Amino acid sequence: MLVTRRKMLGLSAATMGALALAACNGNTEQGGNGGSGDSDHAGTLVVAGNGLEGKFCPLFTASAADQDVVSFNNITLLMTDRMAEPVLSAIEGETREYNGTEYTYTGPADITMEENADGTVTYTVKMRDDLKFHDGNPVTIDDAIFTFYAYFDPTYDGSATIYSNDIVGLQEYRSGMATLASLIGNAGRDNTDFTNFTQEQQDAFWAAVDDGGTKFAQEIVDYMMENGATDVASAAAGWNYPDLPADATATDFFEAIGAAYDWNFSACEAETAGTALSELIPEDVYAMGTQGVETGEAAANVSGIVRVDDYTMTVTTNGVDATMIYQLSIAPCSYKYYGDESLYDYENNSFGFTKGDLSKARSLNGQPMGSGAFKFDSYEGGQVLMSANPDYYKGAPKVSNLNIVETQEADMVTGVQAGTLDVSQPSYSMEVETQIKEINGNDDVNGDVFSTFLHDFRGYGYIGIAAGNVCVNGEAGSDASKALRKALCTVIAAYRDSGVASYYGDTATVLNYPISTSSWASPNETDPGYEVCYSTDASGNQLYTADMSDDDRHAAALAGALTWFEAAGYTVADGKVTAAPAGAKLEYRCNIGGGGQGDHPTFMILQEAADAFASIGITFTVNDIANSADLFASYQSGAAEMWCAAWQSTADPDMYQLYHSQGSTNYYQINDADLDELIEAGRQSLDTESRKPIYKEAMDIVLDWGVELPVYQRSECTLVSSERVNVESVVQDQTPYWTWKDEIEKLELK
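So the sequence shown is numbered by this note's numbering: it starts at 5 and just counts up by one.
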């Protein structure tokens with residue numbers, strides 16, 4: 005399964021794949037309430053997976069399911085606690101209080117940070133000296149250095165972004181090399197200079213572009229024409245490639261895609277409308293996208309990476325970067341396994357592979373070898389089979405084997421009931437909660453069949469608005485355009501309480517800021533300046549009072565929205581909007597992925613808001629898209645006006661990717677110099693207390709632009725078999741950053 009712009013991993017309620025349980029031979033009959041108690045996978049913990057792709061090398065893993073395999077198979081240098089705070093003295097361990105209980109956290113390394121007089125920051129990493137890989141070799145600092153250099157390689161095309169951090173000497177090391185594909189593609193079809201490649205390579209490249217590349221782009225064109233495009237140029241524009249000429253061909257479109265990704269064919273896969281590019285062009289040409297070619301001078305090493313001894317290294321950065329500490333959570337990869345032992349010679353600037361050639365590591369994506377709690381045995385038929393590592397530094401796991409099985413959402417609960425699964429993570433809702441209680445037979449989510457562990461999801465649901473598509477006179481950042489978007493948000497926001505309660509009951513809460521409540525940067529209701537979002541009129545007057553009924557609140561929201569419409573330049577008369585200003589409309593549409601059946605927590609909110617909009621002269625269309633991939637494509641391509649989706653948060657609440665004008669996933673099209681400055685300032689401090697008000701101010705700007713309406717913070721569920729698992733051995737006080745997986749070695753079967 006490809007990870008594409010049309011797939012959002014881990015956030016969709018519906019999952020893909022089939023329940024493959026042949027190797028377990030469990031009883032899958034489900035004859036009413038109660039558990040079966042039948043299972044013949046003695047000594048094996050069977051866990052539901054979701055979206056396995058087979059990329060299990062830590063360097064190149066992408067999907068959430070694959071990352072679970074990686075986490076069981078590997079250790080990470082940096083340990084964090086239940087609130088995602090770094091544990092810097094992890095070898096001896098640190099004891100910290102959470103929810104009234106003290107917990108001790110240990111890890112593979114101690115890390116210290118020192119701000120130097122010249123403004124640089126040095127991180128010292130000192131590893132334990134008793135760590136072992138699954139092949140018996142010791143884990144040393146050389147394996148960590150090999151891993152860093154793999155991430156730093158100019159041809160690296162995985163999802164990690166450590167190479168974007170300002171490590172001293174990194175850019176000098178990455179210079180002087182380009183991929184073969186980028187050299188050929190950027191030289192153009194008429195090139196006659198063959199200094200860096202041959203005529204034969206050039207001919208093969210353009211033949212692949214004309215054949216497979218054209219087919220790849222044509223699939224996008226076909227998809228877009230099914231959704232309103234009239235030709236290649238309009239299809240490309242809808243796919244966020246607006247600069248093609250009117251007579252553009254599918255080949256022209258693919259060339260634009262290739263150029264956008266600097267001809268990294270693996271990265272181009274993100275644009276697929278169906279077929280993988282790797283299936284359309286020859287293997288040797290595809291490999292050109294990651295084949296390094298020296299083009300000039302480069303530093304022989306990264307001067308900010310220094311080996312101190314067999315178990316110690318330092319990393320020095322140019323200035324303070326709050327996100328850098330989390331980049332040290334890399335999984336040390338064995339240079340003897342993923343690289344070439346004969347090519348590792350630190351003193352002579354050789355780091356386990358030829359610079360520009362990560363082919364050995366890529367070839368082992370399906371055969372990983374780490375130092376974590378479980379060894380990788382095999383992956384076939386939708387199942388990953390793993391066995392306990394007796395040399396795991398935290399102690400040998402209590403279960404002998406671990407199987408991760410591709411599982412449909414519909415089977416997450418019934419699979420545990422039937423005994424074919426021991427642990428699953430169903431998308432939690434009132435319906436799932438009721439199902440669990442009924443099967444337990446005691447009107448409780450904890451009983452003889454299931455034990456349920458809940459914590460806030462590391463993310464939140466929202467409604468997004470593309471500023472460039474919902475604006476006045478084509479000026480996305482004008483006060484009038486902001487007023488238009490705030491008018492829309494004001495009406496919709498009033499229906500969040502009832503809509504969220506209807507779908508989730510008491511398992512979710514309404515959000516007022518664009519951040520998960522699981523983050524330390526999330527504003528609290530008791531904080532100075534905390535406000536319910538979109539709860540004022542255009543003059544700043546509060547719309548609601550505590551004693552208002554729902555009907556009164558809805559009426560107040562409409563009255564407030566009319567003031568915002570007026571501020572946007574709309575004509576308002578007798579409680580209705582009668583005319584729109586230039587560039588704006590009386591009709592807007594919001595895309596939502598409810599499976600075509602309204603099965604989405606925000607669907608009811610939008611439907612009720614649509615009726616309210618109609619009463620004041622605005623047509624608001626709720627477009628329920630059956631295929632979630634099409635929903636993702638609609639806003640990631642820049643075509644949608646409004647959409648419903650969810651964000652998954654990282655340990656550090658860095659806002660750059662989503663809201664900075666140069667952010668890679670700034671689908672809101674927000675471009676605000678003050679916001680950019682705040683986001684950058686938030687990165688320049690290591691103190692969370694000083695960063696929190698910076699992010700609060702930044703979030704206020706996002707809300708003022710009216711490009712995001714936070715909707716809900718839901719709970720995440722881990723469902724454990726009470727019949728098969730010793731529930732007392734499961735991690736207590738779980739959080740988004742510390743789950744049952746983080747103490748997998750302690751989990752016991754009955």
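Read the hints as simulated data drawn from the structure, not as lab findings. Computed from a predicted model, the values in this text were never measured in an experiment. Keep in mind that the hints are not guaranteed to be accurate.
[As the list claims (entries may be wrong)] Straight-line alpha carbon distances no greater than 30 Å define the calculated DSBU-like cross-link-like pairs of lysine-lysine that follow:
no., residue 1, residue 2
1, K700, K398
2, K136, K745
3, K136, K441
4, K130, K750
5, K130, K580
[Stated by the list, open to error] Computed spacing ranges between beta-carbons, pair by pair:
no., residue 1, residue 2, range
6, D554, Q666, 20 to 30 Å
7, D361, T202, 25 to 35 Å
8, E732, G278, 22 to 32 Å
9, D313, E479, 39 to 49 Å
Note that beta-carbon positions come from the ideal geometry of N, C-alpha and C, so glycine has one too.
Now for the hints, and whether the structure bears them out:
1. K700 to K398: Measuring from Cα to Cα gives roughly 39 Å; hence the hint is violated.
2. K136 to K745: holds, 20 Å
3. K136 to K441: violated, 44 Å
4. K130 to K750: holds, 26 Å
5. K130 to K580: violated, 67 Å
6. D554 to Q666: 20 to 30 Å: violated, 42 Å
7. D361 to T202: 25 to 35 Å: The hinted range 25 to 35 Å is violated for D361 and T202, with Cβ atoms some 18 Å apart.
8. E732 to G278: 22 to 32 Å: 48 Å Cβ-Cβ, so the 22 to 32 Å window is violated.
9. D313 to E479: 39 to 49 Å: About 59 Å separates the Cβ atoms of D313 and E479, which means 39 to 49 Å is violated.
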